[in-house]
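Okay, here's what each chain looks like letter by letter:
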Amino acid sequence: MSTIKPKHQRLVLVVIALVALVGAGLLAAFALKSQASYFYLPSDIVAKPPEADRAVRLGGMVEKGSIAHSPDGITVQFIVADGKARVPVRFTGITPELFVEGSGVVAEGHLQAGTFMADNLLAKHDEKYVPREMRDMTKAQAKAVIAETK
Amino acid sequence: MHERLAQWDFVIAAYAIGVIGTCLMVGWTLVAMRRAEMRRDLVRGSARANSGGTPEA
Amino acid sequence: MQMRRRSPPLGPCPAAPQVAEHRQPAAGVAGLYWIDNPAPMHGFANPARFLRLARWLTPLLLGSGLLLASGALLWGLLVVPPDRLMGDTVRILFIHVPCVWLGMAGWSTIAISSLVELVWRHPLAAISGRAAAVPGAAFTAMGLATGSIWGRPTWGTWWVWDGRLTSFLILLFLYFGYIALANAAQRDAAAGSGANRVTAIFGIVGAINIPIINRSVVWWNSLHQPPSITMGKSSIDGTFLWPLLFAAVGFSLIFGGVVLARMRMLLADIQAEARLRRKAMA
Chain A
1 MSTIKPKHQR
11 LVLVVIALVA
21 LVGAGLLAAF
31 ALKSQASYFY
41 LPSDIVAKPP
51 EADRAVRLGG
61 MVEKGSIAHS
71 PDGITVQFIV
81 ADGKARVPVR
91 FTGITPELFV
101 EGSGVVAEGH
111 LQAGTFMADN
121 LLAKHDEKYV
131 PREMRDMTKA
141 QAKAVIAETK
Chain B
1001 MHERLAQWDF
1011 VIAAYAIGVI
1021 GTCLMVGWTL
1031 VAMRRAEMRR
1041 DLVRGSARAN
1051 SGGTPEA
Chain C
2001 MQMRRRSPPL
2011 GPCPAAPQVA
2021 EHRQPAAGVA
2031 GLYWIDNPAP
2041 MHGFANPARF
2051 LRLARWLTPL
2061 LLGSGLLLAS
2071 GALLWGLLVV
2081 PPDRLMGDTV
2091 RILFIHVPCV
2101 WLGMAGWSTI
2111 AISSLVELVW
2121 RHPLAAISGR
2131 AAAVPGAAFT
2141 AMGLATGSIW
2151 GRPTWGTWWV
2161 WDGRLTSFLI
2171 LLFLYFGYIA
2181 LANAAQRDAA
2191 AGSGANRVTA
2201 IFGIVGAINI
2211 PIINRSVVWW
2221 NSLHQPPSIT
2231 MGKSSIDGTF
2241 LWPLLFAAVG
2251 FSLIFGGVVL
2261 ARMRMLLADI
2271 QAEARLRRKA
2281 MA
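Chains as they are written, first to last, in this note's numbering: chain A, 1 to 150; chain B, 1001 to 1057; chain C, 2001 to 2282.
Pulled out of the complex, with its shape left as it was, chain A reads as follows (with noise of 0.2 Å):
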């Protein structure tokens, strides 16, 4: 058959094709590896601390047991770690819904004399969704919750 030829040509070079854009795809996502994340983890920032005026974002978890409100009212201190290293953060207004300890945020701000002086504060969702109910049980409860409703 004629016909088979010119389908295989083109399917070798659309294969051809394919293959040099996903590796172009992935050499770019991997030289943007730097520049295409959102915030430094407290580890970069540990390792490579920014200059004193230069506006970053540090993300990481809220170290449990370590949130203290200010006498202001509108004041925290806090500690965000990610599990190599802890940065001090301080700030000043409302903080989100789901800023609570044992959860993810990204402060957007600056470093100054080893805290980082917060602007703004975003709360990070973590990939669990969990029902209220289950919320006070003990690991062992929820998982045979978890277990049953399986």
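Just to be clear, a hint being listed does not mean it is correct.
[Said to hold, decoys possible] Simulated crosslink set (DSS-like; lysine-lysine; CA at most 30 Å straight-line):
hint	chain 1	residue 1	chain 2	residue 2
1	A	Lys64	A	Lys84
2	A	Lys33	A	Lys48
3	A	Lys84	A	Lys48
4	A	Lys33	A	Lys128
5	A	Lys64	C	Lys2279
6	A	Lys33	C	Lys2279
7	A	Lys128	C	Lys2279
8	A	Lys48	A	Lys7
9	A	Lys48	A	Lys64
10	A	Lys128	A	Lys64
11	A	Lys7	A	Lys64
12	A	Lys84	C	Lys2233
[What the hints assert, rightly or not] The following label-pair restraints were derived from C-beta to C-beta distances:
hint	chain 1	residue 1	chain 2	residue 2	range
13	B	Trp1028	A	Arg10	54 to 60 Å
14	B	Gly1027	A	Pro50	16 to 22 Å
15	C	Gly2063	A	Pro50	55 to 61 Å
16	A	Pro50	B	Arg1004	29 to 35 Å
17	C	Ile2179	A	Leu26	24 to 30 Å
18	A	Arg132	C	Ile2201	37 to 43 Å
19	A	Thr115	C	Ile2170	33 to 39 Å
20	B	Ala1016	A	Gly83	37 to 43 Å
21	A	Arg10	C	Ile2170	27 to 33 Å
Everything labelled a hint here was simulated from the structure, so no lab data went into it. Every value quoted in this text rests on a predicted model; they were computed, and no experiment measured them. The beta carbon of each residue, even a glycine, is placed where N, CA and C say it ideally should be.
Given the structure of chain A, go ahead and fit chains B and C onto it with the hints provided.
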């Protein structure tokens, strides 16, 4: 100070966008489809009007 | 002869006498010759066969999809309990996730159709790619809008330029580009230009954005959370997962119905144009 928002307002807004958007898309597509099929049948001549695209709804 | 071989024909129209009438001027109808060219090579390349299937499948998909989706949304709105952290805003999950899933599925449809169109020259593939563009763009826009509304109460912002949100916005612009190209190609089709192929190439090239969207939350630090559902594992509790599953299936059925309806629309347009051109030549 912790932010307190009326959560249901956001839920209703998101559902409204999703539901209205989907309904508009479905309705517009069905109208456009029927119009195109009726035009084709018209062009083909009335004798074949029923074999082309009869509205099914 | 050369032209015929390069593009598998769509085959004859249902009525037999029509075939003979179709055949004579077929070679003269540049760009649309396959519609009138008998001898179907692919079963579903035959428009009569496709239309027979699509005619009952379109209302079936749309009806069942609307029913399932509205049931799932009511379930999510009225039955599902609040989330431990997000509270009631977790309900946006059931509208947001199906929208973004279909926004990406829409471009996947375009990419696969474009591939089949370019390599196998299957005429229905060109139509199915174009038919998926508008619903895909609509779901992408709805995904962006519902996500923004969800972001305000949970993250504390309507929008951020992180990897996930930015790559998804790019998806919407890719849809706009594809739709503009497809419309231009449709206008040029009469002149028999290869603009259709440009549309298909754009559809394949644009598909590179799909894995980028998917991986953006893994490759780059982003405000958007990493995927909840990965390879057989889910971090979503069953009370949320089931209505989400129903909503996703329901909206997917609606999407399928809309794509079929738009394919019928495009096919009817092509057939009407071909007939008008023949009349003008006779």
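Practice problem: Assess, step by step, whether the Cα of Lys128 of chain A is no farther than 30 Å from the Cα of Lys2279 of chain C, and give holds or violated. | Solution: Violated, because 63 Å separates the two Cα atoms, which is more than 30 Å.
Quiz item: Between Trp1028 of chain B and Arg10 of chain A, does the C-beta distance stay in 54 to 60 Å?
Solution: Violated - the Cβ-Cβ distance for Trp1028 of chain B and Arg10 of chain A, about 36 Å, lies outside 54 to 60 Å.
Quiz item: So does Thr115 of chain A sit 33 to 39 Å from Ile2170 of chain C, Cβ to Cβ?
Solution: 37 Å, holds
Quiz item: Is the straight-line distance between the alpha-carbon of Lys84 of chain A and that of Lys48 of chain A 30 Å or less?
Solution: 14 Å, holds
Practice problem: Quickly compare the C-alpha distance for Lys64 of chain A and Lys2279 of chain C to 30 Å and report which way the hint goes. | Solution: 78 Å, violated
Practice problem: Note whether the CB distance of Ala1016 of chain B and Gly83 of chain A lies within 37 to 43 Å or breaks it. | Solution: At 41 Å between Cβs, range holds.
Self-check item: C-beta pair Arg132 of chain A, Ile2201 of chain C: status relative to the range 37 to 43 Å that was hinted
Solution: The hinted range 37 to 43 Å is violated for Arg132 of chain A and Ile2201 of chain C, with Cβ atoms some 50 Å apart.
Quiz item: Keeping to a limit of 30 Å between CA atoms, is the pair of Lys48 of chain A and Lys7 of chain A held or broken?
Solution: 55 Å, violated
Exercise. Given the hint that Lys33 of chain A pairs with Lys128 of chain A, test it: the Cα-Cα distance must not exceed 30 Å.
Key: Holds. Lys33 of chain A to Lys128 of chain A sits at ~25 Å (cutoff 30 Å).
Exercise. Would you mind confirming whether the straight-line C-alpha gap from Lys128 of chain A to Lys64 of chain A stays at or under 30 Å?
Key: Answer holds: Lys128 of chain A to Lys64 of chain A is near 18 Å, not above 30 Å.
Practice problem: With a cut-off of 30 Å on the C-alpha distance, tell me whether Lys84 of chain A and Lys2233 of chain C pass. | Solution: 27 Å, holds
Exercise. Starting from the hint 55 to 61 Å, judge whether the C-beta atoms of Gly2063 of chain C and Pro50 of chain A obey it.
Key: 57 Å, holds
Of the numbered hints given earlier, the model fails hints 5, 6, 7, 8, 11, 13, 14 and 18; all others are met.
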